[in-house]
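Chain by chain, the residues:
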Amino acid sequence: MKNKFKFTWRIWLLIVLLALSFLAIFSSTGLTQSGVVIDSIDLNSSLLDQGMTKGEIITSIDGLTVDSIESFSLILSQKYLTGKKVKTTFVTDKNEYIIFSSEVPKITVKELSKTNIQLGLDLAGGARAMVKAENHSLNQEELNDLVEITRNRLNAFGLTDLKVLSVSDLSGNNFMLIEIAGSTPRDLKKLLSEQGKFEARIGNETVFLGGDRDVASVGRDAQNSRIESCNPAQDGTYYCNFQFSITLSPEAAQRHADITDKLSVNVTEQGNYLSEKLDLVLDGNLVDSLLISEGLKGRVTTQISISGSGSGTSEEEAYNTAKAEMKQMQTVLMTGSLPFKLEIVKLDTISPILGEGFVKIILIAGLAAILAVALIIFVRYRSPKAAIALLVTTISEVIIILGAAALIRWNLDLPGIAGILATIGTGIDDLIIIMDESTTETRISLKQRLKRAFAIIMGAYATSMVALFPLFMAGAGLLKGFAVTTMLGITIGVLITRPAFSDIIKQFRK
Amino acid sequence: MEQTKKHWHDRTYKKLLIIPAALILFSIIYLFFFSSANGALFYKDISLTGGTSVTIYDKISVEDAEFYFQDKLEDINIREVFDITTQEQKALIIETTTEGELAKQIIEDFIGYDLVEGENSDFQFTGSSLSESFYKQLLIAILIAFIFMAIVVFILFRSFVPSMAVIISAFADILMTLVLVDIVGIKMSTAGIIAFLMLIGYSVDTDIMLTTRILKRTEGTLNQRFYGALKTGLTMTLTSFFAMSIALVIVSSFSITLTQIFTILVIGLGFDILNTWITNVSILKWYAIKKRK
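Those protein sequences? They're chains H and L, same order as listed. With numbering that gives the first Met the number 0, the residue at position 65 of the first sequence is 64, and numbering never jumps. With numbering that gives the first Met the number 0, the residue at position 248 of the second sequence is 247, and numbering never jumps.
Honestly, the hints are just simulated from the structure, not real lab data. Certain hints may be false.
Covered stretches of chain L, as calculated for chain H (at least 3 residues, CB under 8 Å) [unchecked claim]:
id, region
1, 15 to 24
2, 56 to 68
3, 123 to 132
4, 185 to 196
5, 200 to 206
6, 232 to 239
Some chain L residues well away from chain H (every beta-carbon gap over 10 Å; in silico) [stated by the list, open to error]:
id, residue
7, Y29
8, L30
9, S120
10, F159
11, R216
12, G227
13, M243
14, F253
Just so it is clear, CB atoms sit at the ideal spot from N, CA and C, and this is done for glycine as well.
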């Protein structure tokens, strides 16, 4: 026992990987820099036009240091108290942006993260939806189209932190999976399930459809889109009108000219209008009917104004509805309609409220479990050294798994955490096998004995690995997190931490 | 003492097989009647039947909610979530098969304010067609995992009886655990599959250790090798058992998913002691003694 602790290459490998894992887990910017990270920028904001992007770190505003969300909102709220147009300078880690505005810039920020570990939706919050076509089995090509259109639509709606992908399951069903991190858009259901078939008609003839073939551009800035007026209705509710302009493609404009040319003119007190109205139809519902002024008859015009309204029990509600309806229509006009009627088969929204406390509880549970195991080991082997070696090895294993997860940017969700726990469990089993094999009194060398331990361990490893494969597909991959972290964990275990443990144990036995 | 113990086992090991055999038989009969009565191998929660789970971030008593909703919402299951350190209630979770919008309306009537997704509440909806296919897939996944495991075991030991002994004890673990889960009345979710897959892993760990020690070693007598394997194996299973039990107590206030996984594992590890040290040991001993003759 007197001889010095020998660091074998396996132990060194463990130490080096531990160090690398710490580097991977802890974000260097998070630890050294102060500031707040930009989470979202409103589509209408001029900051977006200047090239500000999500993920940049705001370090100061007008020369005042920003080191927390509180200081960020404090600085901004004090600046815009008066409602006068003021100049604001944002300094980020990449650039400097200057805006002149009378209202608070519409950007949201979050604290700089100290780690690179990304939590999955069920811990960090967000929304997840699985969509399939109603009464129709999607083939891969159709699914790819659907994914493309949906992604454009959600982007156009202003959602950026999202994943849209096609998934299939063991029964051969194809789905579109949408995951939005951090937020739950209120109209998600509507946005996803509506086919979004927009049609502008005069009489029975179609003038133009939503989508970039007929609609060249959609006005969304303050000049080209607005909520016009809000008024009380007779039944005590309120309604607000919205209006925005769009630019038609030359073909669609020509069609408009050809159709209006055939119409007659009605002379009314309010002015002279054509005999038919322009009907705006969204998913089979008439949204608005617009009078066409006499001057447009037979003219090739590319500028068209689209209007509609939203109602609510209060003026504020009506305003918000109108705004949402307008946004929805703009989105549909830009992205076109989906080729199928869709069905949402799964829709989950998860608040981060529980997730925050949860990480804490997981850590407590994990630590308590490992300590309990160390205690049993101490009692069974009467060796504090062995118990400590087991503790160190197990905790290292978890740290290296987390490091690898941070490195490959794997989102750690609940099934993933269950996977880490599974790894700890099999890891401890393996360590016990190593301990017992090394103590059996036989005539063969210690080296041989440890080799035998690893024969058992590799056998158990192989069975665990193959048993996890079906999980990649089952349940449309929603349990993939478990399979991935467990496979990652037990592989790291048998290749790195458990061999290092065996080398540590060897020294105690000498 | 040691000597008499071994003698005892030499005489009775074949008879001991009656215990697992009887339990397996009982389990199969039980599952047969259970599935013909319920149309499935276990009670399903809404992730497998389809339905809505509403989480309300407010302090609402479970009893009050149950009393109010019992004849208004279909097939309800109400739970609370609380912080383990402060014991403070953080949320109420209502699961129902009632259609989402209608359920929302009924719940809003009870609590007296509007539920806004992502702000004061969360909704998780699973369509019934999807959940039906989830259920089938989970069974298929467990079946495939089991077959893969069996193939690897055969490759490892390359002899029929010992491999079958491992496979039978893993099968018995799953079977008995499933029956107890049914008897206790646990409603299984998609996370349940994770627990059963983990169980296959844990179960096979000890069985492989045992079989390797018995078949591939020559030191000591057969009984000495069995006894050595028993010491190692019990340490393995008991550490897992205690670790899981402790984790279960801590997470039970918080996560339904993990609570279910740990509950199934604790049950399964208990049965694994029986199946490794009676089922597997007896078959293996029988085989080893016969082969020696």
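For each hint, the structure was consulted:
1. 15 to 24: violated (count 0)
2. 56 to 68: With 1 residues closer than 8 Å to chain H, the region 56 to 68 of chain L misses the three-residue bar; violated.
3. 123 to 132: holds (count 7)
4. 185 to 196: holds (count 5)
5. 200 to 206: Our answer is that it holds, as 5 residues pass the Cβ test (under 8 Å) against chain H, meeting three.
6. 232 to 239: Result for this restraint: holds, n = 5.
7. Y29: At roughly 25 Å from the nearest Cβ of chain H, Y29/L sits farther out than 10 Å, so the non-interface label holds.
8. L30: holds (21 Å)
9. S120: violated (8 Å)
10. F159: holds (17 Å)
11. R216: Non-interface label fails for R216/L: nearest chain H Cβ at 8 Å, not farther than 10 Å.
12. G227: G227/L not clear of chain H: closest Cβ-Cβ about 6 Å, inside 10 Å.
13. M243: violated (7 Å)
14. F253: violated (5 Å)
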